[in-house]
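Keeping their order, the protein sequence lines are chains X and Y. So in my numbering, the last spot in the first sequence is 1203, and the numbers never skip. So in my numbering, the last spot in the second sequence is 196, and the numbers never skip.
These are computed hints drawn from the structure, not numbers from a lab. This structure is a prediction, so every number in the text was calculated from the model and none was measured. Treat the hints with care, since some could be wrong.
What the hints assert, rightly or not - Taking lysine to aspartate or glutamate and the DMTMM-like style, the derived pairs with C-alpha atoms no more than 25 Å apart in a straight line are:
id, chain 1, residue 1, chain 2, residue 2
1, Y, Lys194, Y, Glu143
2, X, Lys1130, X, Asp672
3, Y, Lys194, Y, Glu174
4, X, Lys958, X, Glu1196
5, X, Lys958, X, Asp674
6, X, Lys959, Y, Asp124
7, X, Lys820, Y, Asp124
8, X, Lys693, X, Glu683
9, X, Lys1130, X, Asp674
10, X, Lys958, X, Asp672
11, X, Lys820, Y, Asp144
12, X, Lys1130, X, Glu1183
13, X, Lys820, Y, Glu186
14, X, Lys958, X, Glu1183
15, Y, Lys194, Y, Asp175
16, X, Lys693, Y, Glu186
17, X, Lys958, X, Glu1195
18, X, Lys1130, X, Asp1199
19, X, Lys959, X, Glu666
20, X, Lys820, Y, Glu143
21, X, Lys958, Y, Asp124
One letter stands for each residue in the lines below.
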Amino acid sequence: MTSWLLALSAFVVFFLGYRFYSRYLAEKLFRLDPDFITPAYRQEDGIDFVPTNKFVLWGHHFTSVAGAAPIIGPAIAMIWGWGPALAWVLMGTVFMAGIHDFGTLWASVRNRGQSMGVIARNVIGPRALTLFLLIIFFLLLMVNAVFAVAIGTLFTNFPASVMPYWLQIPIALVIGYLVYKRNWSILLPSIVGLALLLGLVYAGTLMPVSLPEETAGYPATAWWVLIMLTYGAIASRLPVWLLLQPRDFINAHLLFVCLALVYLGVFVGRPEIVAPMLNQDLPDGTPPMLPLLFVTIACGAISGFHGLVSSGTTSKQLKKETDARFVGYLGATGEGLLAVAAILATAAGFATFSEWSEHYGSWQQASSQGIAAFVQGAGSFLQHLGIPLVVATTFMSMMVVAFAATTLDTGMRLQRFILGEIGRQYNLPVLSNINVATVLVFISCVALAFFADPSNPGAGGMVLWPLFGTTNQLTAGLSLLVLTLILMHLKRNYLLALIPCLFVGVMTAWSMLINIGNYLADGNVLLTAIGGLILVLNIWLVLEGIAAMGRKRAPEEMLDQGEG
Amino acid sequence: MGAIKRRWHQLNRFYDALYVTPYRRTARRAQRRQEDLFRLLVMSEALGIPNPASFYTLELLPFLMEDFHAWHLRMGMEHSPLEGMKCC
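Could you build the full structure based on these sequences and the hints that come with them?
This is the structure in C-alpha cells:
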C-alpha cells in the first residue's frame, strides 16, 4: 500500500464530508439563516464582538484548535496499526468533530455568543456549569504535564532542535515589540521572522545542544521538563502581546508549511507503508484497542477543546450565520488533515518494518516515543523534497515543540485564571494573587509530571495521555449533550448529535474503568485518584443528561429565534 | 504598479486582521488597565489622594473629560460620581 493513495483517500473523504454532510447539517439540521443578525453585529463592542471576515476567522479558529495533540495521539495509536487509527480519524472528523465544532458554533451564535459552559447551565441546569469547570480544570492540569514531557522527549531525541526553539523566543519578542510599540504592519516582520527561523533550523543542526544523560539522579528528559515548566510559568506572566501573540503567529505559519511539506513529500516520494494495517502481534502490556483507541486519539478525531474555542471567541466574531459551516466544519477538517499527516508519517516514514517495530516495541515506548517516531517519519518525507534528513527532523521537532510550548504558556495562564475564580468563589483572596497562583500551577504541573509514573520520574508524564484524551472527550460529550437537547426541543433530528454523544460517553467510561484497573494493579495512588474523579464526572454527565431529557422546555428558551 | 500596491496593502490588512483577531480582547483589556492607571494618576486629587504632580496633571483634565464619561458609564454609574467633574 502506498501512502499517497491513503492521503488522496483522506482528502476525498474530507471533501465529501464537507460538500454533502456539512451542507445537510447547515440546511436541514441547524437551518442557518443568512439574514440572522449575529452577536458580532447585535452586540458589537470592538473588543469581543467584532464582525470578522470568514477566512480570517477560519485561520484564527484552525490555528487555535490545531497543535501538538492531533500529532501525539495518532503517533501513539499507531501501535494498533494504521487501519483503526485512520478509520477513527476519518469517521470521527466527518461525523463527530464536524457536527460538534459546527454545532457548538451555531448554538453559541444563537445564544448571544455565550460560552458552552453558560449554554450548558441554561439548557441542562446550574450543576452543568460546575461540571464543565471541573472538566476544564482537569483538562488543563494534564495538558501542561503531558506537553512538558513531550517537549523533554523531543529535546533529548533531537538535540539539534534545542537552539532554534529557544532562539524563536527573541524573534517573537522583537516582532511583538515592532508591532505593538512601533506600530508596524505584521506581514513583513512575520515573513522575515519565519525566514530567520528556517535559517536557525539549519544552524541548529550544526550546533546540537544536549544535557548530560543523568544529573543528580534524574535523566535529561526530567531536567528538560523542569526547564520547560519554569519557562511556561515565566512566559505566562508576560504580557500576551510581547511573546504569546507573535509566537503563536509564527507557529501558525509553521503549521501551514509543515502540512504542505508533509503532503508534498508523500505525493512526490510516494513512500510505502511499512506499519501493519492491523497489528496482530501487539507487545505485552498494550491495552485493548477497543476502547482505548478512541481516547488515545482525541484531537484529530473529536475534541471537546474545539467547542471551547467555537463558543469562546469564534462565535462572537461570526459575520453571517451561514459562515459557521465554513469556519466550524472546515476547522475540524483541518485538524483531521493534521492527524492523517501524523498517521502517514508514523506508518510510512520508516524504511523497514523492523525499524518501525523498534519505535513500537512496547506500549510504554509507543507512549513516550510516539512523538519522536512522528518527527522521524515526517522528516523522511521531507527528504523526498531534497531536504537533508537532519535538517528535516530538526524542523519537524522544533515545530512540535513550539506548538506544545505555546499550549503550555496558554494552559498555565488559563489555570491561573481558574484558580483566581475559585479563590473569589470560596473567599480565598490569596488564590487571586497572580504570583501565588503561578507558583501553585507550577508546583501542580511538576508534581504530576514527576509522580504520575513513579518508576520513571520526570519522563513518565505520558502515562497521563489516555486520561487527557478521556477528559477532552468528556468535554465533547457535554457539548454534544447540550446540542442534542437543543435539537430535541426544537423537534429536529437530534440523533445526529446523540449518537456521537453516546459513543464518546461509552468509550470514555469504558476506558476509565480499564485504566483505573491498571492503576490499581500498579499501586499508583495518584493516577487511581485522578482516574476515579474523572469517572465520577463521567457518570455525573450521564445522569445530568438523563434528567435534562425529561424536562419540558420551550424552543425559545433554547435559542435565539432571530428577527428574520 | 498601482494594482500591485493595492494588492500589497490588501495582503497587509489581511495579515494584520489574522494577527489581531485571536488576541483582540486580551490586548484591549491590557490597554484599558493602563488607561485606568493613567486616569487614576490624573484624577487622584479628586479622589483625595495627594498628588505631587497635580500642577501638571490639572492641565490634562479637560482632555480626559470624554474619556471620564465613558469610564463612569462602563462602571455602571449613570452620572459622574465626582462633585467637581460634571461631564453629563
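Do the hints match the structure? See the list:
A C-alpha spacing of about 20 Å is found between lysine 194 of chain Y and glutamate 143 of chain Y, which places the hinted pair at or below 25 Å, so the restraint holds. For the given pair, lysine 1130 of chain X sits about 18 Å from aspartate 672 of chain X by alpha-carbon distance, which is consistent with the 25 Å threshold. With a C-alpha separation of about 11 Å, the suggested pair lysine 194 of chain Y and glutamate 174 of chain Y falls inside the 25 Å cut-off, and the hint holds. Of the pairs offered as hints, the one joining lysine 958 of chain X and glutamate 1196 of chain X holds, with about 23 Å between alpha carbons and a cut-off of 25 Å not exceeded.
Restraint check for lysine 958 of chain X and aspartate 674 of chain X: satisfied, since their Cα atoms lie roughly 11 Å apart, inside the 25 Å limit. Distance hint between lysine 959 of chain X and aspartate 124 of chain Y is fulfilled; the C-alpha atoms sit about 21 Å from each other, no more than 25 Å. Between lysine 820 of chain X and aspartate 124 of chain Y the alpha-carbon distance is near 15 Å, which keeps this suggested pair within the 25 Å criterion. Distance check on the hinted pair: lysine 693 of chain X and glutamate 683 of chain X sit about 16 Å apart at the alpha-carbon level, within 25 Å; holds.
Between lysine 1130 of chain X and aspartate 674 of chain X the alpha-carbon distance is near 22 Å, which keeps this suggested pair within the 25 Å criterion. The straight-line distance between the Cα atoms of lysine 958 of chain X and aspartate 672 of chain X is roughly 12 Å, inside the 25 Å bound, and the hint therefore holds. Distance check on the hinted pair: lysine 820 of chain X and aspartate 144 of chain Y sit about 19 Å apart at the alpha-carbon level, within 25 Å; holds. Straight-line distance between C-alpha atoms of lysine 1130 of chain X and glutamate 1183 of chain X comes to about 20 Å, which keeps the hinted pair within the 25 Å bound.
Note on lysine 820 of chain X and glutamate 186 of chain Y: the hinted pairing is violated, with a Cα-Cα distance of about 35 Å set against a maximum of 25 Å. Of the pairs offered as hints, the one joining lysine 958 of chain X and glutamate 1183 of chain X is violated, with about 34 Å between alpha carbons and a cut-off of 25 Å exceeded. Simply put, lysine 194 of chain Y and aspartate 175 of chain Y have alpha-carbon atoms about 13 Å apart, close enough for the 25 Å limit, and the pair holds. Among the hinted pairs, lysine 693 of chain X with glutamate 186 of chain Y is inconsistent with the structure: their alpha-carbon atoms are about 37 Å apart, more than 25 Å.
At roughly 23 Å between alpha-carbon atoms, lysine 958 of chain X and glutamate 1195 of chain X fall within 25 Å of each other, so this suggested pair holds. For the given pair, lysine 1130 of chain X sits about 15 Å from aspartate 1199 of chain X by alpha-carbon distance, which is consistent with the 25 Å threshold. For the given pair, lysine 959 of chain X sits about 14 Å from glutamate 666 of chain X by alpha-carbon distance, which is consistent with the 25 Å threshold. Taking the CA atoms of lysine 820 of chain X and glutamate 143 of chain Y, the gap is near 16 Å; set against the 25 Å cutoff, the hint holds.
The straight-line distance between the Cα atoms of lysine 958 of chain X and aspartate 124 of chain Y is roughly 18 Å, inside the 25 Å bound, and the hint therefore holds.
The structure fails hints 13, 14 and 16 (numbered hints given earlier, in ascending order).
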